[in-house]
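Number of protein chains: 4
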Amino acid sequence: MIVVIKRSATAEQAQEIIDKITAMGYGVNVSQGAERLIIGVLGVRSDKDMLAAQLGGFAAVDRVMPISKSYKLVSREGVTTDTVVRVGDSVEIGGGLVHVIAGPCTVEGRDMLVETAHWVKRCGATLLRGGAYKPSTSPYSFQGMGKEGLEILAQARAETGLPIVTEVLDPRDVPLVEQYADVLQIGARNMQNFTLLKELAKTRKPVMLKRGLSATVEEWLLAAEYIYSGGNHDVILCERGIRTFETATRNTLDLNAVPLVKSLTHLPVIVDPSHGTGKWDLVTPMARAGVAAGADGLMIEVHPHPEDALKDGFESLTFENFATLMEQVSSVARAVGKPVASDASIAIEA
Amino acid sequence: MIVVIKRSATAEQAQEIIDKITAMGYGVNVSQGAERLIIGVLGVRSDKDMLAAQLGGFAAVDRVMPISKSYKLVSREGVTTDTVVRVGDSVEIGGGLVHVIAGPCTVEGRDMLVETAHWVKRCGATLLRGGAYKPSTSPYSFQGMGKEGLEILAQARAETGLPIVTEVLDPRDVPLVEQYADVLQIGARNMQNFTLLKELAKTRKPVMLKRGLSATVEEWLLAAEYIYSGGNHDVILCERGIRTFETATRNTLDLNAVPLVKSLTHLPVIVDPSHGTGKWDLVTPMARAGVAAGADGLMIEVHPHPEDALKDGFESLTFENFATLMEQVSSVARAVGKPVASDASIAIEA
Amino acid sequence: MIVVIKRSATAEQAQEIIDKITAMGYGVNVSQGAERLIIGVLGVRSDKDMLAAQLGGFAAVDRVMPISKSYKLVSREGVTTDTVVRVGDSVEIGGGLVHVIAGPCTVEGRDMLVETAHWVKRCGATLLRGGAYKPSTSPYSFQGMGKEGLEILAQARAETGLPIVTEVLDPRDVPLVEQYADVLQIGARNMQNFTLLKELAKTRKPVMLKRGLSATVEEWLLAAEYIYSGGNHDVILCERGIRTFETATRNTLDLNAVPLVKSLTHLPVIVDPSHGTGKWDLVTPMARAGVAAGADGLMIEVHPHPEDALKDGFESLTFENFATLMEQVSSVARAVGKPVASDASIAIEA
Amino acid sequence: MIVVIKRSATAEQAQEIIDKITAMGYGVNVSQGAERLIIGVLGVRSDKDMLAAQLGGFAAVDRVMPISKSYKLVSREGVTTDTVVRVGDSVEIGGGLVHVIAGPCTVEGRDMLVETAHWVKRCGATLLRGGAYKPSTSPYSFQGMGKEGLEILAQARAETGLPIVTEVLDPRDVPLVEQYADVLQIGARNMQNFTLLKELAKTRKPVMLKRGLSATVEEWLLAAEYIYSGGNHDVILCERGIRTFETATRNTLDLNAVPLVKSLTHLPVIVDPSHGTGKWDLVTPMARAGVAAGADGLMIEVHPHPEDALKDGFESLTFENFATLMEQVSSVARAVGKPVASDASIAIEA
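Residue numbers (the numbering used here), protein chains in the order written: chain A, -10 to 339; chain B, -10 to 339; chain C, -10 to 339; chain D, -10 to 339.
No wet-lab data here; the hints were simulated from the structure.
It is possible that some hints are incorrect.
Put simply, identical chains are the same to the list, so a pair is met inside one copy or across any two.
[Said to hold, decoys possible] Listed below are the simulated DMTMM-like cross-link pairs for lysine to aspartate or glutamate, each with C-alpha atoms no more than 20 Å apart in a straight line:
#1 K187 to D162
#2 K110 to E316
#3 K(-5) to E167
#4 K191 to D162
#5 K37 to D171
This structure is a prediction, so every number in the text was calculated from the model and none was measured.
Using the sequences plus the hints, can you model the full thing?
Here it is as structure tokens:
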């Protein structure tokens, strides 16, 4: 941590600050530059955030600049081997293959879900998505089928063998959702719902943590650190677009974050081009781009009849369009040396 | 709702879309412009969002543009008189006076809180703030004193008579926090924590709803609609800065939102220049600006010793600086014809 | 400048970096923290930017963090007294009074401009604005009256005595516009048009520099530094709103920037709530807020008939609304101890 | 264009607005919804922007929403075949092959440029980049070698046969730069420098138009429309990252824009991952992603010794890293059916 002292500060003011730091048990490295005094704070302890806050209370402090990463356990500096998250018996996310999670935004009924599950499996998806509890911007919008939705998801799993990814919104729902889901999803709007993060840290199921709409990469990794440090090491990150000034797309898919995050953390990272664009005709090219950027998987909204969807019709792929996506993604995935999982298993079987 | 049809659409495709709309019971107004067909959807029903989603599933649809506000009850179009939120026996927020809520970011102990409460009351604050449950970006940061913090807040209220504003993070904590707090605060990161919103809709205590870091004004009012439509009409909005590209300040305080929101809703709006700037030396000028823009109140972080604060030392005012703030705000408040509450009561007593 | 070395760096890599720095003639302060090595670069020279760029080329460098401000002459650290910009014979911007610049977005003809000039003067404006050269997002929009517009502005000045503020877009137009204008305006889209900045550095007329739509405060001050270091010290900064995710207003007026910039630079700062909001009904409250935040002036669009304006009808005030604005701003300006200039002169005359 | 009337509007106010529209020669489609009146404006004329501005001046108007695209000639609705931009004798951008433009940020001298040109050609680049006139945020940074830099570029072209892409900043420099350059580049900060756009519309050389840091896709296409409608049809768009709240990367590369823009316009689109990330270790994955998203080319900063670069050392690739990039891009380009140009010519020769 570097503390920059104001040019106008007196020697007494500077000394008070140094005394504060040393009184808290940290070392100092004092450097008098041509224009101003700079104090390096030496030592690593968990109360460093608090010290930074307190230094901000001194009138003579211009700025406090952190040096070390505030996340530790999810950092590559802490763990050097890639985390591979096992889901169910057969899926390993982060293990060198691209996994595609596909399905409708929302579970709307048994038939549509099972039909979709069969189709996406046939096309090469290895996990099934579907929302039973839906966060809706408006109180008047559909809020999900709840427990009934979870049961339908379980039926689709039973029929297809695809593990289930589904969102949980409320810490009180975790025990129930955990019974059904193979991966518990934390939505973008809950990325900093810290009591929910702490609750998921206690489960034994993998967690998929979507990036918040206005979360920096550092905040995203700190949210992952909540889960990881709480005891659950099976965390999958999901880039799903951030909010910017551009309104021609629903969000701005930040693919820079994919290679960046893979250099900062050992956790796997997947990409959601459906929310990341909000337009079905952009989903396939951006799915290709996500895989080319190095993602460990994709999350894609597919609906048998987007024109009858209860949510997100604009961004849902038809069955036909999803088949095209899988073909194109498969080709790019091979080109970057990280094949789509279903292709790899075919290869192995063959 | 206006549906813009792609220029390349065939007459059959357009007719399918019209059929879809009328089949759902809506009227249509079809207008053939020079370049493209436009369909107005007539009628107001709660499933309009779903229709919009479904229309997005038609390949021939270019865009769907909403016309009506998606929030109803909190809109000025629904209720034309200003909502006045009564807190405790004496405070009325939105009733033509500026109320100042002041206190430390976090309850750190009995003495510091009671001392602060006495001081801010003496300077003219009419409510006391202090966090017992703290949302922290890092799992290693202080998470608040919890129930003990609530008890200390209650003691400070008993000694000073100031009603208490404190944050609740988890739906499971609502029954407890409700016993102590006079106003339940929803923090920026929880503005779209919909299960928490629904839980607060059931309490009988006023709710202060902070704007999310990347929430549009419309999303903020829809979050208020969750609480209002759920049965709790005592909602206070709080502008606390949004996240932008500018990093010289912690957030960008969006004062445009104050007059805008007051034109759109009948709910009172207050301003938090402490989080809105993140720098103690900007808090006073921006408090003045907030009141000049028409705010019904302010929320200000004050700490007896910012250099020992457990959080937010950079943005906390010392006692002396808070006294200055109150003097200056008082002067601006009179100039805009909405005096600070403590001045008004002095005037009445005198 | 602080150079943070990657944790994975070898001693040889670190030494290479130290050698690079010392070879360029800078001193170093090497600090071995618990987790990583940090190198402070000592000395202030104009090639520090280049050194930073080069250090970025070393694979072992994690980050380079500047400490000193990159602007020098416009910084309060360089010049400690406030700059007062004299315009014409009578106006002093930054001298402790609030100056209001008012007029139409665009010069549309002689009558409308002269009529507006008389009205705004009567209400208390002390400068007249009007565009002769207009930057238009679309090539099909009105591009301004050019030289004829300048002549009309000069006539309005002759009739009212109000100095003229008008925009220049092209370095080739500077000699002509300089003949007519009292203040040369650089628009938001040209804030980093460096050849235009250099050209204006050579004129003897004051320059009003609008903040770019996505310019940080630091970039804005560096743009001012171009003009100041080039020889023209009469620079007025103008906050006019930044681009954010919020689309309910045309821009987000960043009033935080007003007290922030006044603490960083000695140059005067004014606020443009017309562009900053894009909605005429928000202009007056935000003009009040701008003055309460500490601005040295305001820039307001006024049109005799906004419903016939060639541009910006949405944000132009009618004569009647401008009169109201001036009354309210006058009251707030007195409350913050920086009266509107026309009030002050009345007071002096009386 | 759709005009939404306020709910509070009287019939007289609505009629005034209708009269205004018809008086200007447009047709109207009036639709009385359940909650408010909506007026469709029928007809397409170049003064529609002005009408929109004027309608904003009516107090009873809530909003004006454009329907038609404001750009015409660059729209796919205007021209249905893809534009192929020919550069020099051999390069065709937008013709189904990926072209890679590579070279240093800045021309720093003859040797470094010629050396770089030979290397990038050998690796498969088909155009050479290098800045002779540099836009610099700080007046104290290197501003480029000017005419001497252009001459060096011409020498590198003579030795390698690679056409030259170089930036022009000032309308007064266009005649000179045009003599040397094969493609004239407009930088991000000049995207809305309208007088420069108009000047480039008159040249006979292709123009590469970088997207502005905070430019929407619509504004970008309108900037292209300035050049196209002014008579120069050889416009290449370049996505180079936008400014967002994320500071871990220099910009946020908006790859959504690639397939979006290709659906809206017939012009070719290339991607600049060097500026789009600002970090050399992210350039290669994002180059792969750009091609996977459908780009017609890439623009890459390469420097023989990034640790001695005068600018942008952080984002420049070494020769070795550029060779790796080309290999990987080549593989992805084949996978998406749009091979790198140098591969294609090898194939043809073979």
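Going through the hints against the structure:
For the homomeric pair K187 and D162, the shortest alpha-carbon distances inside one copy (13 Å) and between copies (14 Å) are both at most 20 Å. In this homomeric assembly, K110 and E316 come within 20 Å of each other (Cα to Cα) only inside a single copy, at 13 Å, whereas the closest approach across copies is 33 Å. When the C-alpha separation of K(-5) and E167 is checked against a cutoff of 20 Å, the pair qualifies neither within a copy, at 53 Å, nor between copies, at 40 Å. Taking the shortest alpha-carbon separations for K191 and D162, both the intra-copy value of 13 Å and the inter-copy value of 19 Å come in at or below 20 Å.
In the homo-oligomer, the alpha carbons of K37 and D171 never lie at most 20 Å apart, since the shortest distance is 37 Å inside one protomer and 34 Å across protomers.
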